[in-house]
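Protein chains: 2
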Amino acid sequence: MSDAPVKSGRRARGGGGAARRAERTAVSVETAKYIERNVPNYEVLTEEALEVIEANAETVLAEIGVNFVENPEALARWKEAGADIDGERVRIPRGLARKLCATAPSEFTQHARNPERNVVIGGKNLVLAPVYGPPFVRDAEGGRRYATMADFEKFVKLAYMSKWLHHSGGTVCEPTDVPVNKRHLDMLLAHMIYSDKPFMGAVTEPSRAQDSVDMCEILFGKEFVQDNTVMTSLININSPLTFDNVMMGALEVFAKNNQASIISPFIVGGAMAPVSVAGTLTQVLAEVMAGVAYSQLIRPGAPVIFGAFVTSIDMNSGAPTFGTPEASHITYGAGQLARRMGLPYRSAGSFCGSKLPDAQAAYETANSLQMGLLAGVNFMLHSCGWLEGGLVASFEKFVMDADQLGTLHHFAKGVDISENAQAMDAIEEVGPGGHYLGCAHTQANFKSAFWRSDLFDYKPFETWAEEGERDTQALATVRVKRMLDTYQQPALDPEIEAQLRAYVAEKKASMPDAFT
Amino acid sequence: MSDAPVKSGRRARGGGGAARRAERTAVSVETAKYIERNVPNYEVLTEEALEVIEANAETVLAEIGVNFVENPEALARWKEAGADIDGERVRIPRGLARKLCATAPSEFTQHARNPERNVVIGGKNLVLAPVYGPPFVRDAEGGRRYATMADFEKFVKLAYMSKWLHHSGGTVCEPTDVPVNKRHLDMLLAHMIYSDKPFMGAVTEPSRAQDSVDMCEILFGKEFVQDNTVMTSLININSPLTFDNVMMGALEVFAKNNQASIISPFIVGGAMAPVSVAGTLTQVLAEVMAGVAYSQLIRPGAPVIFGAFVTSIDMNSGAPTFGTPEASHITYGAGQLARRMGLPYRSAGSFCGSKLPDAQAAYETANSLQMGLLAGVNFMLHSCGWLEGGLVASFEKFVMDADQLGTLHHFAKGVDISENAQAMDAIEEVGPGGHYLGCAHTQANFKSAFWRSDLFDYKPFETWAEEGERDTQALATVRVKRMLDTYQQPALDPEIEAQLRAYVAEKKASMPDAFT
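Order-wise, the sequence lines are chains A and B.
Residue 319 in our numbering sits at position 319 of the first sequence, and the numbers go up by one each step.
Count along the second sequence from 1, then add 1000; that gives the number in our numbering.
Calculated directly from the structure, the hints in this document are not laboratory data.
Wrong hints could be hidden among the right ones.
The calculated lysine-lysine pairs, modelled on DSSO-like cross-linking and capped at a C-alpha distance of 30 Å, are [to be verified]:
| no. | chain 1 | residue 1 | chain 2 | residue 2 |
| --- | --- | --- | --- | --- |
| 1 | A | Lys447 | A | Lys163 |
| 2 | B | Lys1124 | A | Lys413 |
| 3 | A | Lys124 | B | Lys1507 |
| 4 | B | Lys1413 | B | Lys1222 |
Because the structure is a prediction, the values reported are computed rather than measured.
Let the sequences and hints guide you as you build the complete structure.
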């Protein structure tokens, strides 16, 4: 069995526009290693501010408390751990949650079926995963429409072929043509078959989380799954301060099986949290501490991630807004809080509110991506493809964002200060009024010196005009088609694939379709 | 004489699409104070890296030296200061340049004719000025074309009306329909009459710099100009390591008259400087030290700014590239070097290589703007309107970028940690499972809580679709028209205006047209 990356080289050069187009849009299947930051984090909160927020979060947990809804076993676990239970309300004495969180690992490895694609989540690392959850898709040709399983498979293929993406993600779009109670099976199968990158499990029912574990046992082997983390799944907190039984049920399944969960408040500021940055950070910290502590009650040492999905709100329309300065404050601040807890941190993404992959989308997205890098994010969900506040997965924006992720990789390398990089010989060789293009230092270093986009237009104006004055979306349309046309499935043991397909078929046959 | 800002309120509400459109695009003439950062700078270079670069820059000045071209007086000044002169080559002994730079002020006030628009350049401040230099303009209706004086006046008006712009800039586009030897007169007149914000002087000939000073003496009074800085002008260094007599001649005029200059290497990495970040920073520092030191030889204490215009290069096409990680490294690093010299710092801008105000333009621009804020830039030229590598001033991109500059203002405020911002009462009032929209804290704080764009689309999908599925450029086209339609000239003493017009007419009549 060979899971080595398939490199499809550039096509042969030839005359004519078609050949030039082919050459320009050629893609090679190559995946960069996850980002290991060699640059500092940006910290917006002072020590004093951090201490105030941490003290307030303890007050929230001890005096206001959190609700664990329709989950008597959770209440019993909390009681045994020393919390005060009042109906479904759990009040956690000062210091208890933080103490329980201490058994969670500060970093962990998520294994992929191709070991070269394993990712280490935590520390100075940044792992990039695609958009999660949109019920709609959009492309230039077909416009906006409900997502289908065919769309889902295309996004898995694009993620597999995207050099700067380390992770296949989870619900890259909602396949609305498959019954709700069965679609997780098709989604998992697609991630397992069409990609060899790590992926996420199902969280919409505890039984679906269990299906995810079962299918992973087929793919990786039963023993391997019990000893290793092979899924990182998204457990949203029902902010403010509410942990519903569906999400907690999924968390319980994953934690018991040593699989990772992102414990993530889902907050539109001013609606699910206070309208202020400090207030929102307080609530986020309280919620994450309660959720992470609960995961450790299930299984001490279970891998978890400090999550923060936070957007601001437009008080004129009530719409969530993205790429805003307040969202940046919260993202930077939550990173500081996560590091003080010694937990991996999930935040940021290719966030935007725009309906189209236009300038608004790109301003908002670039603000969000850059902040994610500098905030010390360890796992970035939604790092490409997000459109219209997350309602839409855009094919064009997927490849546009995926290309931009290269800037994060290159920035994170930091500044080389070696003798070669100091370039004193070059400055002397060229001298006042000279030109560096031909000098020995440039010749030796130019290939790796500067990041370049594989998508953007760098042509002279006249060439660009002759070729139809295409904007970024038009270039992205070409790139999406080219990638899907040249996609090749990574090899997988046919026996394993057959077992996975049998599992899915059997499960589907065992229950009637349900669309809720 | 009243120069108070004219506030044009929102239009009355009324039925019908036209009224709604009018309301949506209404603009009020209001200018935010320059940014005073209450957030830390981002520093990418270690102390060790900074020391290596500083030592190497001294070596460059002492051993390689810089050329002062066709400027015997400059060579004489340098000789007297202790430099070693060999033809036009000036070798500056270690420590001498830095010592000379010490008399330059760490911050200075640039006065505007409306004192409310004065800006303080240096320290924790950030002053934003529009694009400088494009020979072409573009808008959706007229496409790309040579810029004219009519275009120039429109950009001055847009800058005057843009809330987040503090500065009117200089050559917002090249008015190619006016002879080269006369256009500086029309440009200065436009800044002085159509705006009350601070502006830049002419640098294309020493005599034109002198015209700038003369016109300022009419506008501000002769004595005021000698005692105060009323212009900040752009002196580019002819990188590598060359100071031409035209730019130095203009610098000499400005420094003698206590007017500010930005001493700015103009570098496409790999062409005018080494292909490495550390090498480029070394050359930038050497060039700025030589230029600033020279300004202080002209007049100790003359206000100057440490400039760095640096882009990367696409080695496939030779095109300069923008918003790239290497440009960020250099911008962050140069900020550190400038602060260690105690000089105000100019860098960043709305940089992009795209031909259109599309997604590429916005990704690249957002990367550049955010980096400018976090790099500690004090004066940001090109902060709006830049397109196609600076060849084009775009009307739509001007208002798109100008809107985005609001994110810099709001981010720079930092995180409020007051009792109100902590919002503990709100968290208690709302409790688990509640909603913050109606709570007392939200009602009291929502108006100022979150930045909102005045341009972007935040509407529900259905409304947006009904209104024609407009992208950001289309919204910007409407905004440009609306702003120019509602522009009102800031009041100016008619006597002063008449004197300025007479000066321009007389100067123009005194020489034949020249187009070089």
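Verification of the hints:
1. Lys447(A) - Lys163(A): At roughly 18 Å apart (the allowed maximum being 30 Å), Lys163(A) and Lys447(A) satisfy the hint.
2. Lys1124(B) - Lys413(A): 28 Å, holds
3. Lys124(A) - Lys1507(B): 63 Å, violated
4. Lys1413(B) - Lys1222(B): 38 Å, violated
In the structure shown, a violation is registered for the earlier hints numbered 3, 4, in ascending order.
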